[in-house]
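Engineer: One letter stands for each residue in the lines below.
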Amino acid sequence: MVEADASHALHLTLVDKIYAGGVHALRSIAMRVSKGEIFGLLGPNGAGKSTLVKVVTTIVRPTRVEGTVLGHPVGHIPTLGRIGYLPEHHRFPAYLTGRQCVEFFGAMTGVEKRQRRRRANELLDTVGMLVWADKRIGSYSKGMQQRIGIASAMVNDPELVILDEPTDGVDPVGRREIRDVLLQIRARGTTVFLNSHLLSEIELVCDRVAIMVQGRVAKQGSIEELTRDSHCMRVVFSGASPAWAAEVGGVAAMDRGFHALDFPKASSESVQPILDRLRSEGRTLHSFAETRESLEAVFMREVTDPTSGRARPIGAEAGR
Amino acid sequence: MNIVWMQTWALLVDAYRELNARKLFWIALVLNALVVAVIGALGIDEKGVTIIVWHLDIQGVTSALFPPEQFYHTLFASFGVGFWLAWISTILALLSTATIFPELVTGGVDTLVSKPISRPRLFLTKFATGLLFTLAQVLVFTTLSFFVLGIRGGVWSIGLFVAVPIMLIFYSYLYCVMAVVGSLTRSVIASVIVTLLFWVFVWVAHLGEQFTLLGETVQRVEIAAIEKRLEQAQTVDGRAPLEVDLSEAKDSLAVWRPIHLSLFALKTALPKASETIQLLNRSLKQVADVPTIDEDEMGDGAVAGRGFLGSKYARRRDVQAAVERDMTARPVWWIVGTSLMFEAALLGFGAWRFSRRDF
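Chains as they are written, first to last, in this note's numbering: chain A, 856 to 1175; chain B, 31 to 389.
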């Protein structure tokens, strides 16, 4: 049993989910999401991301769970009133208008009538749907429905908002606008839990991320922490690569048509003698900079089977 | 406002909006009004039946036999409720509300179960809001009928409104099956088919129970009639055939009785749809008042083998009266109470399954 945790919006120490039929969707998940941050959950299709989100929002019953959401045990029904949630494959009633939809979910989370009317107006304006607010959802595009979904998830002024693929089906302009909305939400002190398989989206807005592969958390931390191991100093120069490069820990590379040497985990100071040596041997230095892997590279490494070099099988079923 | 009331009200308003968006809801409402208009167009006076201003000469059917109050009550209870609301309007209601539970468990369930509402309460509230269709239809039908009876029959019978809870209870027997099957199978077609089959099953069980009750009652009346004759018989020769008939009647009763009791037990466990509808007749106090064709030719001297259900001594009128007594002796708590127990058990199972499943 995890004690109430005041500093984390979500603190999971052990989550397991085995579906009927034996599919082991979640395996000993442990995860911490600090209050006020945007946390990104990454993973290939079938990694268990949506299952985890559904466990937190009580849509899926866990086989075993230890952890808290906003200081209460996972599954505590009243706490759901302090959470906003946008499901991945939501289907809002086509007979409702956008405004009615937002207000309906406000009522379902216990927001008083006057307040939810005011909140609905504000949020519809924030997501750019005020003009369309009184049209039926059945006439909306996918992107417009996503915006209404975000407004509905925010109507109770939640402390934690969980968005499952919020930019799914949204055009690039809409994605940019949704990212701005997420930053606005964070600016208000709300914790955002963003579930997405779009790496660029996560990298642009998230403070911390977790990568899930086959039902497990493979990596977790800030983007800086995740890419720290790949940090290296790169020296780009003209002329052939020196024969002594390997002796000093350099890895030969090419950069924009020039020879280069990478020094993993090296500091600028430790590379200075090497720069002097390259110069003394008549090579012209073009650049000297710190580099690190992109989130995409980290992600691809985690989802690739090191023995076969191919992507791990889709889904959490494998490796049962 | 308390969050429970806020959520319940929100789900109720949502259900109304959903119905409002369905053409079938409005079509059914217009049909209800038309049926009441047809009832209103009919009338009865000392010469016969009238349709608006035209007279139909149907021998014997006059206001002397059927006072206007009884005429309209009969039309309302037998045609309006017994046929229109209990069959046609109910089928329209089932078709209109069939999508609610399959859609709940496939489409909008994520957004609802992630809210601070327990799953059993969500399931049961959704069920209650599904009754809104019938409530609206019956309320419109009864209100219009109330005015028709007042204006055309000169009777302002507030008692008509008992049809609203009766029809709502009746519909809930069927809708609970539809709700549970719909949420389990997620299929609109499956839930409609299973509900209709269940309705037929309940109806057949009712008919079977009624038939065996009739059979048992015939033998009881027969035995009573024979015993009465035996008391009056003076000679041994006169008593001998009666004793043979009495023995046969008792043997026959011994066959009918256990069959009837079995069907009665089965029916006790099931919703009593027909009897619930008949509660309206009881409340309108007209059941036994409707004249029936007298069967005096089946009287005391009836020829062997030509009596009611093969009886020799039981008169149809006596048997009907005995059956009627049996039926009206069945208390409301048995009719509605045991039916609601079935409904509660089924809904309890549905809510439990809904609470246990992953979406």
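It is possible that some hints are incorrect.
[What the hints assert, rightly or not] Using C-beta positions, here's what the derived DEER-type ranges look like:
#, chain 1, residue 1, chain 2, residue 2, range
1, B, 191, A, 861, 54 to 62 Å
2, A, 930, B, 362, 54 to 62 Å
3, A, 1076, B, 148, 32 to 40 Å
4, A, 949, B, 220, 32 to 40 Å
5, A, 1077, B, 219, 33 to 41 Å
6, B, 169, A, 994, 29 to 37 Å
7, B, 117, A, 994, 36 to 44 Å
Simulated from the structure, these hints should not be mistaken for laboratory data. Note that the structure is a prediction, hence the values are computed from the model and not measured. We put the beta carbon where it would ideally sit given N, CA and C, even for glycine.
Engineer: Against each hint, give a clear statement of whether it holds in the structure.
Structural biologist: Status of the hints after comparison with the structure:
Evaluation of the 54 to 62 Å hint for residue 191 of chain B and residue 861 of chain A yields a pass: the beta carbon distance comes to about 57 Å. A hinted range of 54 to 62 Å for the beta carbons of residue 930 of chain A and residue 362 of chain B is inconsistent with their spacing of about 42 Å. Checked against the given bound of 32 to 40 Å, the beta carbons of residue 1076 of chain A and residue 148 of chain B, roughly 37 Å apart, stay inside it. Between residue 949 of chain A and residue 220 of chain B the Cβ separation comes to about 23 Å, which falls outside the hinted range of 32 to 40 Å.
In this structure, residue 1077 of chain A and residue 219 of chain B break the distance hint of 33 to 41 Å, their C-beta atoms being roughly 52 Å apart. Distance hint check for residue 169 of chain B and residue 994 of chain A: the Cβ-Cβ separation is about 32 Å, which falls inside the suggested range of 29 to 37 Å. A C-beta distance of roughly 37 Å is found between residue 117 of chain B and residue 994 of chain A, which places it inside the suggested range of 36 to 44 Å.
Hints 2, 4 and 5 from the list above are not met by this structure, while the remaining hints are.
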